[in-house]
Each structure stands twice: as structure tokens, then as C-alpha cells.
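S.K.: Residue strings, one per chain:
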Amino acid sequence: MTKPILIVGGGPAGLAAAHSLGTVGRSSILIEKEDKLGGAPILSGYAKLVPTGEWAKDAIGGMVQRVEGDSNVKVLAGNTVTDFDGSPGNFTAKFSNGESAQVEAAILCSGFTHFDSVNKPEWGFGTFEDVVTTTQVEQMISSGNGVRCPSDGRKPTRVAILLCVGSRDRQIGREWCSKICCTVSSNLAMEIREELPDCHVYIYYMDIRTFGLYETRYYWRSQEEFKVKYIKARIAEVTSDGEKLIVKGEDTLVKRPITIPFDMVVHAIGMDPNVDNTDIADTFGIDLEPHGFIGSGNTYGSMAATSRPGVYVAGAATGPETIDDSIAQGHAAAMAVLSGLHQPVEKTA
Amino acid sequence: MPIHEKSLIRPENLKTHDELVIDGIDVSGHWSTFIEPRVVTDYNEALEEEIAALPGGEYIHRCWQCGSCTNSCTVHAINEDFNPRYWIYLIRMGMESELLRDKDIIWQCVSCNKCTYACPRDVFPEGVMKATSHWLERKGHTPMSPSMHFDEVFTEQILKTGKIEESRTIRRFFSRTKQGLFQGWMIEMVKQLLKHLPIGLLTRMGLATFIAPRTRDWSRAGSAMQEYIDEQYEKQEQALTLAQLVEVAREDAAA
Chain W
1 MTKPILIVGG GPAGLAAAHS LGTVGRSSIL IEKEDKLGGA PILSGYAKLV
51 PTGEWAKDAI GGMVQRVEGD SNVKVLAGNT VTDFDGSPGN FTAKFSNGES
101 AQVEAAILCS GFTHFDSVNK PEWGFGTFED VVTTTQVEQM ISSGNGVRCP
151 SDGRKPTRVA ILLCVGSRDR QIGREWCSKI CCTVSSNLAM EIREELPDCH
201 VYIYYMDIRT FGLYETRYYW RSQEEFKVKY IKARIAEVTS DGEKLIVKGE
251 DTLVKRPITI PFDMVVHAIG MDPNVDNTDI ADTFGIDLEP HGFIGSGNTY
301 GSMAATSRPG VYVAGAATGP ETIDDSIAQG HAAAMAVLSG LHQPVEKTA
Chain A
1 MPIHEKSLIR PENLKTHDEL VIDGIDVSGH WSTFIEPRVV TDYNEALEEE
51 IAALPGGEYI HRCWQCGSCT NSCTVHAINE DFNPRYWIYL IRMGMESELL
101 RDKDIIWQCV SCNKCTYACP RDVFPEGVMK ATSHWLERKG HTPMSPSMHF
151 DEVFTEQILK TGKIEESRTI RRFFSRTKQG LFQGWMIEMV KQLLKHLPIG
201 LLTRMGLATF IAPRTRDWSR AGSAMQEYID EQYEKQEQAL TLAQLVEVAR
251 EDAAA
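Residue numbers (our numbering), protein chains in the order written: chain W, 1 to 349; chain A, 1 to 255.
For the record, the hints were derived by calculation from the structure and aren't laboratory data. All residues carry an ideal CB built from backbone N, CA and C; glycine is no exception. Hints are supplied without guarantee of correctness; some may be wrong.
Taking CB as the label site, the calculated pair distances span [claimed, not checked]:
hint: 1; chain 1: A; residue 1: LYS160; chain 2: W; residue 2: PRO261; range: 49 to 57 Å
hint: 2; chain 1: W; residue 1: GLU194; chain 2: A; residue 2: GLY29; range: 57 to 65 Å
hint: 3; chain 1: A; residue 1: ARG121; chain 2: W; residue 2: GLU122; range: 28 to 36 Å
hint: 4; chain 1: W; residue 1: GLU224; chain 2: A; residue 2: ILE105; range: 26 to 34 Å
hint: 5; chain 1: W; residue 1: GLY126; chain 2: A; residue 2: SER147; range: 55 to 63 Å
hint: 6; chain 1: A; residue 1: ASN71; chain 2: W; residue 2: VAL118; range: 39 to 47 Å
hint: 7; chain 1: A; residue 1: ARG38; chain 2: W; residue 2: PRO51; range: 37 to 45 Å
Straight-line distance between alpha carbons at most 25 Å, and here's what the computed SDA-like set of lysine to any residue pairs gives [as the list claims (entries may be wrong)]:
hint: 8; chain 1: W; residue 1: LYS33; chain 2: W; residue 2: ASP251
hint: 9; chain 1: A; residue 1: LYS6; chain 2: W; residue 2: ARG256
hint: 10; chain 1: W; residue 1: LYS248; chain 2: A; residue 2: VAL40
hint: 11; chain 1: W; residue 1: LYS232; chain 2: A; residue 2: LYS235
hint: 12; chain 1: W; residue 1: LYS255; chain 2: A; residue 2: ILE105
hint: 13; chain 1: W; residue 1: LYS232; chain 2: A; residue 2: ASN83
hint: 14; chain 1: W; residue 1: LYS255; chain 2: A; residue 2: GLY67
hint: 15; chain 1: W; residue 1: LYS232; chain 2: A; residue 2: PHE34
hint: 16; chain 1: W; residue 1: LYS155; chain 2: A; residue 2: LYS235
hint: 17; chain 1: W; residue 1: LYS255; chain 2: A; residue 2: LYS235
hint: 18; chain 1: W; residue 1: LYS48; chain 2: W; residue 2: SER143
hint: 19; chain 1: W; residue 1: LYS244; chain 2: A; residue 2: THR41
hint: 20; chain 1: W; residue 1: LYS232; chain 2: A; residue 2: ASP102
hint: 21; chain 1: A; residue 1: LYS6; chain 2: A; residue 2: THR33
hint: 22; chain 1: W; residue 1: LYS255; chain 2: A; residue 2: PHE34
hint: 23; chain 1: W; residue 1: LYS232; chain 2: A; residue 2: ALA118
hint: 24; chain 1: W; residue 1: LYS232; chain 2: A; residue 2: HIS76
hint: 25; chain 1: W; residue 1: LYS232; chain 2: A; residue 2: GLU49
hint: 26; chain 1: W; residue 1: LYS232; chain 2: A; residue 2: ARG214
hint: 27; chain 1: W; residue 1: LYS244; chain 2: A; residue 2: GLU49
hint: 28; chain 1: A; residue 1: LYS235; chain 2: W; residue 2: ASP198
hint: 29; chain 1: W; residue 1: LYS232; chain 2: A; residue 2: TYR59
Put together the whole structure using the sequences plus the hints.
M.R.: Right, dumping it as C-alpha cells:
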């Protein structure tokens, strides 16, 4: 009798892995520290997803339903793994509810943590109510209330989106590019322009990284159809004159200092390693890569490997990742587990 | 230059007082030099929309500032200050005062359209240059030049009669540019014409001077053209808020 496979984290990657294993008749235990499944798109209330444009609650909600209705998947919400011991094919996992289980392998789909903008105080988050994050704007849209200034509920007529908040910044020890914020920001800019056609949206950037096909769907489209304006400038500080937020910086293309009034400033927050990563690394006996994400091996020999045989990783746990790719990696990790158990890959000479 | 920022200081922003005493200390002349800030304090969001409302400017919002237009520009090769990429940016961000600093060179575009073929986003920079020149003209930033008067005289005549009668064009051009008709070269030219042209042709030319020749059935074509021009002109007046300005001025006058 085969033992189940442990999946840690019920976001897009974990849901995909559980579904994949279920379709080939393998049982799994899906453990999630929050009380419900869905991961960041559901728990943080994302609006329309890139690149499909489907609402997160429908798209990821559908994945949650599919897993919850799968008799091969045992969901353990509101729980964490406290201990993990053994060898491939024969691990023992202990959970915070006191239970334990024998499992064949584990897939870590523990995701990321949104950057906390309080760590960049010069950009006004936590000081001025109308300085918000991309996640908050997602929530304004997904709640159906629309994009409004939190201070007084008015419709903004001019919005600034600051890119690379918590990314590409040695000052705060975050040197990585969070990969998705450019695309998410141009998507939000279009949504703002659609809801509030009289509201002008400016995006302050160092580089625009709407990679691959996102170039035309988001960067170009936001300029060509929605007239979103992009300004190459790293903002120095966000202050207030008592009425409006004042964005200060240098417009590098005209070599002029700027102090521009705005109704709302949005931080395009990056993806941090999951705050629990050091605990996860201790519990599972795996290595983290230098930025603090879960280290993954090369993909040529075996997909989704960590530093410990029998423990796999998928999604944004390995570094900033898109939802689509997290899902793909979840499926790939499931396949890696199956092939690892049945036919260990030998390295070619 | 050891401090490159010095090159960013504009002569007109340098303030020096020949006679200045602060707290009993004489800081006249060089000692009282101040530099006025170059800070941009707001965006004029109407500017891009105004240029976009004029023919040629429709696609300005596509620009992502790659500089292909400036790099391929015929005029830029001769005059570094001629920089379509820069002006497109100023327009998009609404830095009107900065744009106006270059009002005397923007119209120098020779419409070679190299930029049109270089632009990866189909902004049609040549069109933007045209639209910007018209914008400067319509907003009254550029005084009427002799060539503008000539264009006007020329166009008016075409719209009215469908034909050009040169002597009329010249007479009106001179009159509008406040130049006398009897100029030496003119008198000499008429003398030579009288001497060398066949009598039949001279008669026709002479008659045309008094009775303007017209294209047959021109009135319908002419009025259709005029109607279209008026329509476009009015649309542009609206877009450039010129009509509103006129309205406000009228109300002010009435009050």
C-alpha cells in the first residue's frame, strides 16, 4: 500500500500538485497554515489575474473546489508541519494539531510573503493614508467598491504607481527583481483608467520588465489603448502638502527635479521569501538560496528538487513567480515525485 | 567640466544683484548670485490631448522614448537641439514651458519621414512635429511669418476660385506683409514680360488681373472643401480650448 504525498501550502502550486497526483490516483495530504485554501490570490483578494483577465475568486476558487472535491486529497487547513524525518519513500511528518503521518515524499509549495512597504518609510506608506500597495488596489477592485482614496473616499484624478518597492534595492537587502510587479502594475493602471477615465495614471520605473508576451498585452496596451504614462525615475520621497501627496524625484529624461502632486500613490510591492522560510528549512532539513527563497536544483536531471532527496519545491517558494508558472511547477513537481519514487534519475557522465 | 550639473544651470535662472546689502553686509554683484530652481511642479495633462487632437499627433501616446526618431533625424544631424524624442516627452508629460523654449526650432522639421520608418511603435513623429507646429501657431506662440501669409493668400484663392492667379497672389502677399508693390525687380519683370510675351497671352494675363479666373463649377467643390475645413477647424478649436477662451473673453467683455 502506497503512502500519501505531503504538499505544504494550498496556493496555486500546491493546488496544482494535489490535483495532478489525484488524477493518477495518488493520495496526498495538503497542509495549509491559513484557514482556507487558495494562497495569495484568494487570501489577499486579488482582482483580475494576469494574463487571463479572469477574477481570482473564480479561477483559483475553481482550483480550490476541484481539490476539495477530490477524494484523493486530504486537506489539513490551519495547520503547519512541526517535524519531518526519514528517507525518500518513508518519511514521518508531524503536524501542529498533534497528528502525524507516514508520507512518501513532500512538495513544498510554501509561496512568498508580500513586501511590507513600511520598510521603505521615505515613500510614505503608513504615514499617509492615500499611499497604498498594489495588493490594496487589487482589493479595492475585487471588492467591487472601486478605486478610492482611503482618506476620504474620493475618486482620485491622478495616481502614481511606484515600481520596484521592495525589489532591486540593496538598501533593504532585496536585490532580486520580483518579476511580476511591472505587469501587475500596468494591468492595474488599465483597470483604474477603465473605471475612472478622468483619472491619469503615471508609472515611475527604472526598467520595465513586462517580459515575453506581456509586452504587448500589458506594456504596449496600457500605453496605446489606455494612455498610461511611464516616467523613468526612481522616486526619492513621498510627502504631503496637507491636501495632496507630493512625489519628489528626478525626471531623468529631462534632467529636471520633479515635485508633482498626486491624489493617490501606489507601491508596486515585491515578493519576499516566505517569512517562515528559515523554520521551513529547519523542519525539512533543506537549504535556502542566498536571497532566502528555497533552493532548487538544476532542472536537467530532475525537476523541482531541493537539497534533500524526496523533498520537492514548486512555485513562488523558489523565487518570484507568476501564477501560471507556479501552477505549471506544481504539476511538474507532482510528476517529479512520481518519477523519483519509481525510477530515480541517474546522472549521465 | 568638473561638475557636470553646472551645464544644467540656465543663464536666465542666474540672479545677481548689482547692489545688495544683507544684514549690513555688502553682497553686491557676484557675491549675491542665486540660482532659481528648475523643479517641475506639475504636469499639464491637457497638452498631450491638445496635440493628439491635431492632424499627425494622434499616436503620440504610444511613445516609449527609445530615441529612434532623433537618431534618424535629418535636422538633428545638423542641429543637436532639434530633438523630436525630447519634445514628444515634454508634450506627453505636459511640460509646456519647457516645450515653448524650443518654439523657434520645432517647425524646422523637413518632413523627410526617416523617423516614421524608424519608429518601432508607429508614433509617426513627423506627424507629431507637424501637429506641434500647428499647435504653436494656433495658440499664438509663433507670430505670423511672411511664409504663413503666403500660404494663407494661396489657400484662400484656391478655395474661392479653384485656381491661382499669380498677380493677385503677389499683390495680396505684399499688402498683408506691408510691402510696397512697386519694387525694382517687379517693375523690371513687368517690363520684360511686356517686351517678350506674345500679345494674346499678355491680354489674357491682363484680363485675369481684373477678372479672377475660376474653375468651372467650382462653387460646389469649393464649398464642400470649405465646409470640411471649417468642421475640422472647429473641432480643433474645441480640443485646444480656444473656443472656450474666446467665449470667456466675450462674456468678460459683455460684463
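S.K.: Which of the stated hints cannot be reconciled with the structure, identified by number in ascending sequence?
M.R.: 8, 11, 15, 16, 17, 26
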